[in-house]
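Enquirer: Read off the chains here:
Number of protein chains: 2
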Amino acid sequence: MTSARFDVLGIGNAIIDVLARTEDDFLIKRGLAKGSMQLISEADSEALYHDMGPATLISGGSAANTIVGVSSFGGKAAFIGKVRNDAAGEAFAHDIRAAGVHFPTQAATEGKATAKCMILITPDGERTMNTFLGTCQDLGPQDVDADCVKAAQITYLEGYLWDPPAAKQAFVKAADIAHQAGRKVALTLSDSFCVDRYRDEFLDLINGGTVDILFANMHELRSLYATADLDTAVAALRRKGLLAVVTCSEQGALVVEEAGVQSCPAVPVERVVDTTGAGDLYAAGFLFGLSQGRAALDCARLGALAASEVISHIGARPDRNLRDLATAEGLLGH
Amino acid sequence: MTSARFDVLGIGNAIIDVLARTEDDFLIKRGLAKGSMQLISEADSEALYHDMGPATLISGGSAANTIVGVSSFGGKAAFIGKVRNDAAGEAFAHDIRAAGVHFPTQAATEGKATAKCMILITPDGERTMNTFLGTCQDLGPQDVDADCVKAAQITYLEGYLWDPPAAKQAFVKAADIAHQAGRKVALTLSDSFCVDRYRDEFLDLINGGTVDILFANMHELRSLYATADLDTAVAALRRKGLLAVVTCSEQGALVVEEAGVQSCPAVPVERVVDTTGAGDLYAAGFLFGLSQGRAALDCARLGALAASEVISHIGARPDRNLRDLATAEGLLGH
Chain A
0 MTSARFDVLG
10 IGNAIIDVLA
20 RTEDDFLIKR
30 GLAKGSMQLI
40 SEADSEALYH
50 DMGPATLISG
60 GSAANTIVGV
70 SSFGGKAAFI
80 GKVRNDAAGE
90 AFAHDIRAAG
100 VHFPTQAATE
110 GKATAKCMIL
120 ITPDGERTMN
130 TFLGTCQDLG
140 PQDVDADCVK
150 AAQITYLEGY
160 LWDPPAAKQA
170 FVKAADIAHQ
180 AGRKVALTLS
190 DSFCVDRYRD
200 EFLDLINGGT
210 VDILFANMHE
220 LRSLYATADL
230 DTAVAALRRK
240 GLLAVVTCSE
250 QGALVVEEAG
260 VQSCPAVPVE
270 RVVDTTGAGD
280 LYAAGFLFGL
290 SQGRAALDCA
300 RLGALAASEV
310 ISHIGARPDR
320 NLRDLATAEG
330 LLGH
Chain B
0 MTSARFDVLG
10 IGNAIIDVLA
20 RTEDDFLIKR
30 GLAKGSMQLI
40 SEADSEALYH
50 DMGPATLISG
60 GSAANTIVGV
70 SSFGGKAAFI
80 GKVRNDAAGE
90 AFAHDIRAAG
100 VHFPTQAATE
110 GKATAKCMIL
120 ITPDGERTMN
130 TFLGTCQDLG
140 PQDVDADCVK
150 AAQITYLEGY
160 LWDPPAAKQA
170 FVKAADIAHQ
180 AGRKVALTLS
190 DSFCVDRYRD
200 EFLDLINGGT
210 VDILFANMHE
220 LRSLYATADL
230 DTAVAALRRK
240 GLLAVVTCSE
250 QGALVVEEAG
260 VQSCPAVPVE
270 RVVDTTGAGD
280 LYAAGFLFGL
290 SQGRAALDCA
300 RLGALAASEV
310 ISHIGARPDR
320 NLRDLATAEG
330 LLGH
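The listed protein sequences correspond, in order, to chains A and B. Counting from 0, one number per residue, gives the positions in the first sequence under numbering that gives the first Met the number 0. Counting from 0, one number per residue, gives the positions in the second sequence under numbering that gives the first Met the number 0.
Extracted from the complex, chain A is given alone in its bound form (with noise of 0.2 Å):
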């Protein structure tokens, strides 16, 4: 094994995030379940955007909002997503270029549109995710670059990668390559209504090997286990040999291995404005700690303060640099 040119390289769905603040009411008449993504068509996502309120727009995508955070933290970070050449398409490549990420997926030239998530954000700080995939469906192994795959420590995966047909090859293709160069494969389960679509192949995934690192929160893995009881679903993780970070809101999070449970608490935060990114950063965190070769709850620790930043203000990227914020802490030396 070779020394790794990248510390995390992410593979998963390139979204421009659409935000707006709503009520609850707003969600209610229309249906949608709070907290959850729900894949909309190009024509809903219209309809919806006409009736929603002003909006901002940034960069999102849930393992690209890692891979970003990872670089935040100043990692060596890449990041392979399909876009297309518009102005949504121009405005992901910019950011996550801009945010220091080697960003190699050539952007289509034709087709659907860049994928765009409507993210209703109610006055808890919830937010409720409707996502137009567009391009993100035309993402296949094609698009999977080996050299960087073979040249990352850590490969990312998202969940939702299952959602547009050809991705899920291109996660396997990428699982592959990187075991085959002796790099590890995450995964994180990225939504508990994702779990119900795929549970028997995520479930295949842990059990097969395919996945070193798993991340979850706490209603994905009772959703992966179909069990109402987290502490049923803990056990049945803790015998599948590998690592698992279960996340729990304010309550913190488990560090699962074979050898046990270590629970690590969460950073509290003055106000939660925006929940969108907080399980996202806590893996961005998570995994540049395992890249340093941190120990586990290190790692959870670096996860934690990472997500209590984003959910300090609107968007799923950081707002501030991670380094300095994780020094400043004492997480990480001068």
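A portion of the hints provided could be inaccurate.
BS3-like, lysine-lysine: derived pairs with alpha carbons at most 30 Å apart [stated by the list, open to error]:
(1) A:Lys-33 x A:Lys-75
(2) B:Lys-167 x A:Lys-75
(3) B:Lys-75 x B:Lys-172
(4) A:Lys-172 x A:Lys-183
(5) B:Lys-111 x B:Lys-167
(6) A:Lys-111 x B:Lys-111
(7) B:Lys-239 x B:Lys-167
(8) A:Lys-28 x B:Lys-75
(9) A:Lys-172 x A:Lys-149
Derived from the structure by calculation, the hints contain no laboratory data.
Use these hints to put chain B onto chain A, whose structure you have.
Expert: Coordinates of chain B only, in the frame set by chain A:
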């Protein structure tokens, strides 16, 4: 004079703000004067965008921000400004309409792109603006909807309209229609460099009675009267017989009338995140108060409150409902 369908009509440049954090060094290397607005070409705007950090896109434009603020206070508001039918233009139109503002201007179907303002936010929260005017340069008298002007208690115009040549004619036409209908005309001086460019013309507007209500910050007012001494400038202004508001950042504001000068303190904020829109939202609160027949000092309090809200987050449009905020602060009745 018939009763007014609108409390305030704004006429200004319709702009999408592209906001990014930056270090002071970046400004120094490029010779950018911190806190100012400079006009740049499309090519320069693309080069600057390439070099700047990850960005957030939010609708902006000085008078447009003010008008959205008036609407957030519960005022009946309208806006005239030119966009192209591109992605940025569609976002601008969506956002201003979603804020409850009547926006009758037709989008251009050809010609230059929608205006963009690259806003660099330094760690002190100060913003430095670089504007590509784009299709705003095509706003002209033909875009001034006479019925809309006649129907507004106050027509509010931004000094920046002096930059695109045809917009100046739109300004003069709107002021004439407003006065013939017995309405008031308000002007903001916009920026001290803008005052440098058009000092004599702005003085003519003030001295000739075209303007009834004037907004300026202390830098702009000193520039207008070409003096380093604010008291001298205020004394000169006081003789003109109009109602003027001079904002002085954290030192509050002066309400200048022929009868005397009153001062009103600023509303302190915990952390200044981004000063973009501070003056615009001050004007929003003041104009809304005026349109409701309130005394000048009450209007100034509403202005100070709105300014404090907008500098507490990224972007120049209010993130919270200003009517609710003012009600909670006891400045408006339930």
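Enquirer: All hints are to be evaluated individually against the structure, with a verdict given for each.
Expert: Outcome of the hint check:
1. The hinted pair formed by A:Lys-33 and A:Lys-75 fails the criterion: a straight-line CA distance of about 35 Å is larger than 30 Å.
2. For the suggested pair B:Lys-167 and A:Lys-75, the alpha carbons sit about 51 Å apart, so the restraint of at most 30 Å is broken.
3. Between B:Lys-75 and B:Lys-172 the alpha-carbon distance is near 22 Å, which keeps this suggested pair within the 30 Å criterion.
4. Under the criterion of a C-alpha separation no larger than 30 Å, the hint pairing A:Lys-172 with A:Lys-183 is consistent with the structure, at around 14 Å.
5. For the given pair, B:Lys-111 sits about 19 Å from B:Lys-167 by alpha-carbon distance, which is consistent with the 30 Å threshold.
6. For the hint pairing A:Lys-111 with B:Lys-111, the CA-to-CA distance comes to about 25 Å; that is within 30 Å, so the pair holds.
7. Between B:Lys-239 and B:Lys-167 the alpha-carbon distance is near 22 Å, which keeps this suggested pair within the 30 Å criterion.
8. Only pairs whose Cα atoms come within 30 Å are accepted, and A:Lys-28 paired with B:Lys-75 is accepted, the gap being roughly 27 Å.
9. For the given pair, A:Lys-172 sits about 12 Å from A:Lys-149 by alpha-carbon distance, which is consistent with the 30 Å threshold.
The structure fails hints 1 and 2 (numbered hints given earlier, in ascending order).
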